[in-house]
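There are 2 protein chains.
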Amino acid sequence: MPILNSWVSSANSHDTDFPLNNLPYGVFSTDENEPRCGVAIGDMIVDVTTLEAEGILQAAEQDVFDVPFWNDFMEEGPAVWASFRASLTAMLAEGSSDQARIEPHLVSMKDATMYLPFAVAEYTDFYAGKHHAINVGTMFRGAENALPPNWLHIPIGYNGRASSVVVSGTDVRRPWGQLKGPDDTVPRFEPCKRFDIELEMGAIVGSFSDGPVTVDTANEMIFGYVILNDWSARDIQAWEYQPLGPFQAKATANTISPWIVTTAALEPFKCDTPEREFELLDHLKDTGPMLYNIDLMATIQPEGADKPSVLCKTNYNYMYYSSAQQLAHHTTAGCPMNVGDLLGSGTISGPEKSTLGSMLEISWGGKEPITLETGETRTFLEDGDTINLTGAAIGDGYRVGFGDCIGTILPAIKKSDWT
Amino acid sequence: MPILNSWVSSANSHDTDFPLNNLPYGVFSTDENEPRCGVAIGDMIVDVTTLEAEGILQAAEQDVFDVPFWNDFMEEGPAVWASFRASLTAMLAEGSSDQARIEPHLVSMKDATMYLPFAVAEYTDFYAGKHHAINVGTMFRGAENALPPNWLHIPIGYNGRASSVVVSGTDVRRPWGQLKGPDDTVPRFEPCKRFDIELEMGAIVGSFSDGPVTVDTANEMIFGYVILNDWSARDIQAWEYQPLGPFQAKATANTISPWIVTTAALEPFKCDTPEREFELLDHLKDTGPMLYNIDLMATIQPEGADKPSVLCKTNYNYMYYSSAQQLAHHTTAGCPMNVGDLLGSGTISGPEKSTLGSMLEISWGGKEPITLETGETRTFLEDGDTINLTGAAIGDGYRVGFGDCIGTILPAIKKSDWT
Chain A
1332 MPILNSWVSS ANSHDTDFPL NNLPYGVFST DENEPRCGVA IGDMIVDVTT
1382 LEAEGILQAA EQDVFDVPFW NDFMEEGPAV WASFRASLTA MLAEGSSDQA
1432 RIEPHLVSMK DATMYLPFAV AEYTDFYAGK HHAINVGTMF RGAENALPPN
1482 WLHIPIGYNG RASSVVVSGT DVRRPWGQLK GPDDTVPRFE PCKRFDIELE
1532 MGAIVGSFSD GPVTVDTANE MIFGYVILND WSARDIQAWE YQPLGPFQAK
1582 ATANTISPWI VTTAALEPFK CDTPEREFEL LDHLKDTGPM LYNIDLMATI
1632 QPEGADKPSV LCKTNYNYMY YSSAQQLAHH TTAGCPMNVG DLLGSGTISG
1682 PEKSTLGSML EISWGGKEPI TLETGETRTF LEDGDTINLT GAAIGDGYRV
1732 GFGDCIGTIL PAIKKSDWT
Chain B
1332 MPILNSWVSS ANSHDTDFPL NNLPYGVFST DENEPRCGVA IGDMIVDVTT
1382 LEAEGILQAA EQDVFDVPFW NDFMEEGPAV WASFRASLTA MLAEGSSDQA
1432 RIEPHLVSMK DATMYLPFAV AEYTDFYAGK HHAINVGTMF RGAENALPPN
1482 WLHIPIGYNG RASSVVVSGT DVRRPWGQLK GPDDTVPRFE PCKRFDIELE
1532 MGAIVGSFSD GPVTVDTANE MIFGYVILND WSARDIQAWE YQPLGPFQAK
1582 ATANTISPWI VTTAALEPFK CDTPEREFEL LDHLKDTGPM LYNIDLMATI
1632 QPEGADKPSV LCKTNYNYMY YSSAQQLAHH TTAGCPMNVG DLLGSGTISG
1682 PEKSTLGSML EISWGGKEPI TLETGETRTF LEDGDTINLT GAAIGDGYRV
1732 GFGDCIGTIL PAIKKSDWT
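These protein sequence lines are chains A and B, in that order.
Here our numbering is used: the first residue of the first sequence is 1332, the next is one more, and so on.
Here our numbering is used: the first residue of the second sequence is 1332, the next is one more, and so on.
Don't take every hint at face value.
To be verified - Okay, the calculated bits of chain B under chain A, using three or more residues with CB under 8 Å as the criterion:
id, stretch
1, 1419 to 1426
2, 1489 to 1497
3, 1507 to 1513
4, 1557 to 1571
5, 1606 to 1616
Claimed, not checked - Think about it this way: if two alpha-carbon atoms lie no more than 27 Å apart in a straight line, the pair counts; the simulated BS3-like pairs of lysine-lysine are:
id, chain 1, residue 1, chain 2, residue 2
6, A, K1644, A, K1684
7, A, K1616, B, K1511
8, A, K1511, B, K1616
9, A, K1511, A, K1698
10, A, K1616, B, K1745
11, A, K1616, B, K1698
12, A, K1601, A, K1616
13, A, K1511, A, K1745
14, B, K1524, B, K1684
15, A, K1524, B, K1616
16, A, K1746, A, K1511
17, B, K1461, B, K1698
18, B, K1698, B, K1684
19, B, K1616, A, K1746
20, A, K1511, B, K1461
21, A, K1616, B, K1524
22, B, K1638, B, K1461
23, B, K1461, B, K1616
24, B, K1616, A, K1745
25, B, K1638, A, K1461
26, B, K1461, B, K1745
The set of hints was computed from the structure by calculation and includes no laboratory data.
Quick caveat: nothing in here was measured; it's all calculated off a predicted structure.
All C-beta atoms, glycine included, are put in the ideal place defined by N, C-alpha and C.
With the rest of the complex left out, here is chain A (with noise of 0.2 Å):
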């Protein structure tokens, strides 16, 4: 598919995240309004509430948009998420007899503020990307034990924490936590020393479910995705995660960029998982190409520094299993999803040094300090540094970018200033 051009003439840039071709749904506020919904086109944002209000673009109920998050509007189901688009993109397409009355809805975006685009119901982590799980598995347990024996079967996760979860420039404070080294005799109670990422997509659920459903089924259920980073305190974890899995490593902040990049946008960039080494059982086969091309990229700015540095470059394609394999998965026990659930794919990460999604990695448990296009080193975080994850499929002559995912670290909190 070539750009989809529009009158609204910085969505034809080759470099814009934001073309016709995506239109993605955000929430956004101004000097003057309150937050509301938008949509992204070049550089401007639509505001969908007062289109909506003044009769000019609605969904199938009124007042869908007559709040500050598009779970309302994800309840209508897919057919109204297909027609809404339909509509969406034919005003905004060049010639479109409807430039007159939209154009006064147009906001800059560099004038706006961005908040959560969608009220997170639940939020699941997966742990799906086979790189990551025998590279980490590989420091926590040693190379026999790799891979987990379950992992080439199931779509391993855990539940995360909803409250957790927020949107691309908001800081994000280095946690305090339980931390004992393999020669400590007791732990200590410590700011954390090794905070990091991990780049990840995050899948939205759309629909309600109350039982087990299809991995089809569960295709159709994914509304959109977003980007995600998932900070993630190693010495916490290493201590905290046996037998029950990560709980206050994982608590502390999940930023997501603020931009929903619907399926629909981003159906011609779909492929398939990767080949398997075991045959998967019935209920969680692949039933056609579910996974998305998507580059990625994960940069690290410190305090002072002139310019980011590019941390990693990766793909989403170099998931082991595709979200709607997750879900499907999620449901097996009839446990009920929600419109609004957030389900992060796990840490993305290829083959090569250079694509892999979290700094544990790259710095090989911190044996190995990266060196920043500054000159300076880094094997964790450090108090300053300023994180950014950025991604887009890539079209023919356009791209269906997600827009920053952007984190800065602050130190601990006082002891003193604990409530």
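Assemble the complex: chain A is given as a structure, and chain B must be docked to it using the hints.
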């Protein structure tokens, strides 16, 4: 403290769960009325939604009870919790001049349908009973590795699934899952064969926090308690839980009793946690009695049996960590806590076989079948079994009880009925 007498005569019985000393909070409907807030007194429910609507009884804000959950009331804060309880206690006390205007707002419990008493924000389950941890650890990892090294230093927990929390009386459908025995070469996908109960208490968080809190603050944040049955699929758990913890094994249902028993009602029953083998780090240290002396019992009634059989009798005071310590730990990494968060205590088992809070432990991994009072035997749950968990703090001539926490096992859904 002796029993407080009420003009509701059934509340003055020695064996009611709901004397005036209790006043637990629930949500109920009748044939005439939609779900609304109510307070149990003897065998009656006080409709506080209509008491508020008619201006007879108020929380601080307007319309706190014009919703089918107690979250808005919790948000009013501890001072309002105390003043509301004091008003209600006075109004329902023997000799109160309010009797005539309260009486029209009493509903018989037998005409009421109960709902979840609060909107569950997020659900966390802990693993804080030492006898249980040693028993399960022995079965899963052998006696040498029974208690994980971190267990005596941290109240170990994992995030569960809020969408799986249901109110007492909800049927529970046997889950499907991926199973693999130690001698199987590949896993298979089948209905769970080792479906189990876990007898727990659930603590309800009544205040927000967005940074680490002390144990004392955590204790003040807890609004009340329910009994909780953490239905557990042991065969799914054994295959899935390494390395990220239980997931679908705990996602089918978590049943809670319908009445929130407040910390105010439980105040006379406070007790200390047991002696420590290792001194806890400062941020987790006990600062006073924060556990409660609550007698608990689990019964099982097979389909067609004419009476239930006792599975175990235990007590909440077997816990190694209090819910205040669990909540303090939950906040260490900066995890935001919200009104309506539910914290499962972990399975409550004592030292004797008759005090074990799960069938896994009672039947020692299925090796020692349990003979019921009806003569039937059980290792794990069979379809049609009804489990009830009950409990009460025992005062001088009265009990502060929780009502039923009951669920019946339905057969697994047919594969052909998947969507």
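Holds or violated: K1638 of chain B with K1461 of chain B, Cα cutoff 27 Å? With a Cα-Cα distance of about 32 Å, the restraint between K1638 of chain B and K1461 of chain B is violated, given a limit of 27 Å.
When you check the alpha-carbon spacing of K1461 of chain B and K1698 of chain B, does it fall within 27 Å? Holds - the C-alpha atoms of K1698 of chain B and K1461 of chain B are around 22 Å apart, at most 27 Å.
Sort out whether K1745 of chain A lies within 27 Å of K1616 of chain B, counting only the CA atoms. 19 Å, holds
Would you check the hint for K1698 of chain B and K1684 of chain B, treating anything up to 27 Å between C-alpha atoms as holding? Holds, because 14 Å separates the two Cα atoms, which is no more than 27 Å.
Does K1746 of chain A pair with K1511 of chain A here, judged by a C-alpha cut-off of 27 Å? Answer holds: K1746 of chain A to K1511 of chain A is near 19 Å, not above 27 Å.
Within a Cα-Cα threshold of 27 Å, do K1644 of chain A and K1684 of chain A meet the stated pairing? 10 Å, holds
Are the Cα atoms of K1524 of chain B and K1684 of chain B separated by 27 Å or less? 23 Å, holds
CA of K1511 of chain A to CA of K1461 of chain B, is that 27 Å or under? 21 Å, holds
Is the Cα-Cα distance between K1524 of chain A and K1616 of chain B 27 Å or less? Holds, at about 24 Å.
CA of K1461 of chain B to CA of K1745 of chain B, is that 27 Å or under? 38 Å, violated
Given the proposed pairing of K1511 of chain A with K1745 of chain A, does the C-alpha separation stay at or below 27 Å? 21 Å, holds
Please check whether the stretch 1606 to 1616 of chain B has three or more residues whose CB lies within less than 8 Å of a CB on chain A. With 4 residues closer than 8 Å to chain A, the stretch 1606 to 1616 of chain B meets the three-residue bar; holds.
Hint check: violations occur at hints 1, 11, 22, 25, 26; the rest are consistent with the structure.
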